[in-house]
Amino acid sequence: MAETVVELRSVTKRYGRQIVLEGVDLAIRRGEFLTLLGPSGCGKTTILRLIAGFEAPTAGEVWLEGVDVTALPPNSRQVNTVFQSYALFPHLSVFDNVAFGPRLAGDRGAALERKVRETLATVQLEDYAERRPSQLSGGQQQRVAIARAIVNHPSVLLLDEPLSALDYKLRKAMQIELKQLQRRLGITFVFVTHDQEEALSMSDRIVVLDAGRIQQIGSPRSIYETPANLFVAGFVGEINLLPALVQEVADAGLDITIEGHRMRLPQATAIKTVPRAGEAVYVGVRPEDLRIWRDVEVTDALRPSLFPAVIDEVIYKGSTVDLQVRLPASGTRLSTTQFFNEDDPAITELDFAAGERVYVSWVPGWEVVLPHG
Amino acid sequence: MGDRPAKARGEARASDGNGPREQAGGFRRVAIGTTWVWLLVFALVPNLLVVAVSLLERGEHEFVHLVLSTDSYVRLLDPLYAGVFWSSFRLAAIATLVCLLIAYPFALALARAPLRWRPALLALVVIPFWTSSLVRTYALVILIKTEGLLNAVLLGAGFVDEPLEILYTELAVLIGFVYTELPFMVLPLYAAMEKLDWRLVEAARDLGAGAWSVLWRVLVPLTLPGIIAGAMLVFLPALGMFYVADVLGGAKELLIGNLIRDQFLSARDWPFGAAASVVVTLLMAALIGVYALSQRRLDAKGAP
Chain V
1 MAETVVELRS VTKRYGRQIV LEGVDLAIRR GEFLTLLGPS GCGKTTILRL
51 IAGFEAPTAG EVWLEGVDVT ALPPNSRQVN TVFQSYALFP HLSVFDNVAF
101 GPRLAGDRGA ALERKVRETL ATVQLEDYAE RRPSQLSGGQ QQRVAIARAI
151 VNHPSVLLLD EPLSALDYKL RKAMQIELKQ LQRRLGITFV FVTHDQEEAL
201 SMSDRIVVLD AGRIQQIGSP RSIYETPANL FVAGFVGEIN LLPALVQEVA
251 DAGLDITIEG HRMRLPQATA IKTVPRAGEA VYVGVRPEDL RIWRDVEVTD
301 ALRPSLFPAV IDEVIYKGST VDLQVRLPAS GTRLSTTQFF NEDDPAITEL
351 DFAAGERVYV SWVPGWEVVL PHG
Chain G
1001 MGDRPAKARG EARASDGNGP REQAGGFRRV AIGTTWVWLL VFALVPNLLV
1051 VAVSLLERGE HEFVHLVLST DSYVRLLDPL YAGVFWSSFR LAAIATLVCL
1101 LIAYPFALAL ARAPLRWRPA LLALVVIPFW TSSLVRTYAL VILIKTEGLL
1151 NAVLLGAGFV DEPLEILYTE LAVLIGFVYT ELPFMVLPLY AAMEKLDWRL
1201 VEAARDLGAG AWSVLWRVLV PLTLPGIIAG AMLVFLPALG MFYVADVLGG
1251 AKELLIGNLI RDQFLSARDW PFGAAASVVV TLLMAALIGV YALSQRRLDA
1301 KGAP
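Residue numbers (the numbering used here), protein chains in the order written: chain V, 1 to 373; chain G, 1001 to 1304.
For reference, chain V alone in the conformation it holds in the complex (with noise of 0.2 Å):
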């Protein structure tokens, strides 16, 4: 287990009667990328403020390197900001700027301005010392916020939405720079996002938030493939939700019914909490893991295996193709992905028509069961 360098215990906010947390347990991680991700509202930026000290908690506690700061104020803290507005003093120069940290921790002179030229360098930015934030463009003004922050060598960074304000394509070339650039210096990494996708590529380990709660903590991968519940699996990544029937709990599997199919799910399916037979769960699965099959592919033998389906729209994605079908028994609509493929001649060109008759399936097992929520 690697070494704890924030921790909250127990952390409770309230403003008035409003709830921001509620009972928000989390240890980061020395060194480690960590992302706090959930819709707006869901806290995830109160946890930063607390973090940083902009915030008390009105219950429990943050500690800092081993030691209790929840009664610290923000310039008594081993901690950094980089602000979603990257809040860069208009008055000062970029160099000035990112000397304000260690101007305030007694840098003078030669040692200043070594130290200064060298974040700058980091960021690209040498040739920049000179101008005013107003200056610089939203890219530049974002890699000042970063170096003003990792000057000072803090325990932690924290990062506040920091692309929010970016356009996508500069947005993705700084994913790629901040991620590059965490591993390089070690330091620990909290990141704020509401974008999940941003999240999943950044990540080692996600923290995902709602309504003042932690849903689940882990790997992108983790968060991604066995959701722990229906917030998450519909918050990260797009899923489709199957209503089903628990009929039988048995040690090599779960049998179900579902759109009028009974199925037995094997073991390896993502459950965290094992349903009780007679209970209704949904069973997800994400767009790209349900496989579309053109009448012509479905060989008798198979097609009980197979939930017929009516196509309702294609959307043509470049390397993929989005199928929108309905299944005429019950109605429910599936998104799916479908790529190109050029071993499978049947659907090499993915010409799919509004209307046309399929039928569709998944690999028993790359499927979640969850639990209603």
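Worth flagging that the hints you see were computed from the coordinates, not collected in a lab. Here the structure is a predicted model, which means the values were calculated and not measured. Please note: incorrect hints may appear among the correct ones.
As the list claims (entries may be wrong) - Examples of chain G residues toward chain V, derived with CB under 10 Å:
#  : residue
1  : Glu1165
2  : Ala1203
3  : Ala1204
4  : Leu1207
5  : Gly1208
6  : Ala1209
7  : Ala1211
8  : Val1218
9  : Pro1221
10 : Leu1222
11 : Leu1224
Beta carbons are placed, not taken as given, at the ideal position from N, Cα and C, and that holds for glycine.
Starting from the known structure of chain V, arrange chain G on it as the hints suggest.
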């Protein structure tokens, strides 16, 4: 202050877009024309008259003798008058500083107060304007005179053994200046602070700044335009407020304002009073010029 012309231009352009073009143009001509005529008749012409009078000789029977002379200006070089100028500038400067020290935390509290409280708090700043400042100055006399309210309270509470002699001292004049001018310092400071991005204060705290560092490294530099505007609004009028020195300072404090007033009303030496006026006006203009210049230099450096 520096952006005022640009703003006025913007508004004029906005009014162009409204309604029929011709009508807007007509209104514009009337509005700007009225302002020009007003400034011409009530500012430029009187000032030119003052300049003209300052270059004439004093008359025995009429107010001025129509003979060109620089005597009045030469007389101003007398150390006696230099002393009057010096003590006036000193008192105005101290009043400005005291106003700044009181108004800065006040404006800060105002800008940080909950939004629904702010109109009420601002009203408290402005309400004293509803009473004539002369009346308020006389009210101050009642407060600070030897057997006044302040001394009654201090004696009653046992803070002092004998009444404080404040009235008719320099301190009384200073109190009068500060009291009268305080709102002129508070309002520009509040305007500057209200525009301030408070996340910058958070950023400074995050980077390790304590309260003093936040004040000196972030708040003061970012509210500097408000500080300078407030200082001008306090300092310049403080040079001319003769009635405060009259009422609260008795006859002891001779300030420029009083000197000029006396030349016109009691000494009947119009040229000399006019010369003193011209010098004060030039000094004020020089101050404003220095301020404008520093602003322009700041803008050129790429400040926000």
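Regarding the hint that glycine 1208 of chain G lies at the interface with chain V, is the smallest CB-CB distance below 10 Å? Constraint on glycine 1208 of chain G satisfied, holds at 4 Å.
Taking the least C-beta to C-beta distance, is alanine 1203 of chain G closer than 10 Å to chain V? This hint holds: alanine 1203 of chain G lies near chain V, its Cβ roughly 4 Å from the closest one there, short of 10 Å.
Does the CB of proline 1221 of chain G sit less than 10 Å away from some CB of chain V? holds, 5 Å
With 10 Å as the cut and Cβ atoms as the points, is alanine 1209 of chain G at the interface with chain V? Given a least distance of 6 Å, the restraint on alanine 1209 of chain G holds.
With a cut-off of 10 Å on the beta carbons, see whether alanine 1204 of chain G makes it to chain V. holds, 7 Å
Chain V contact restraint for glutamate 1165 of chain G - C-beta distance below 10 Å: Result: violated, 46 Å to nearest chain V Cβ.
Hint check: is the beta carbon of valine 1218 of chain G less than 10 Å from a beta carbon of chain V? With a closest approach of 7 Å, the valine 1218 of chain G hint holds.
So, as I understand it, the hint says leucine 1224 of chain G touches chain V; can you test that by seeing if any CB pair is closer than 10 Å? holds, 8 Å
With 10 Å as the cut and Cβ atoms as the points, is alanine 1211 of chain G at the interface with chain V? Hint holds; alanine 1211 of chain G Cβ to chain V Cβ min 9 Å, cut 10 Å.
Minimum beta-carbon distance criterion (10 Å), leucine 1222 of chain G to chain V: holds, 6 Å
Tell me if leucine 1207 of chain G is really an interface residue toward chain V, meaning its C-beta lies closer than 10 Å to one of theirs. Since chain V brings a Cβ to about 4 Å from leucine 1207 of chain G, closer than 10 Å, the hint holds.
In summary, the one numbered hint that this structure violates is 1.
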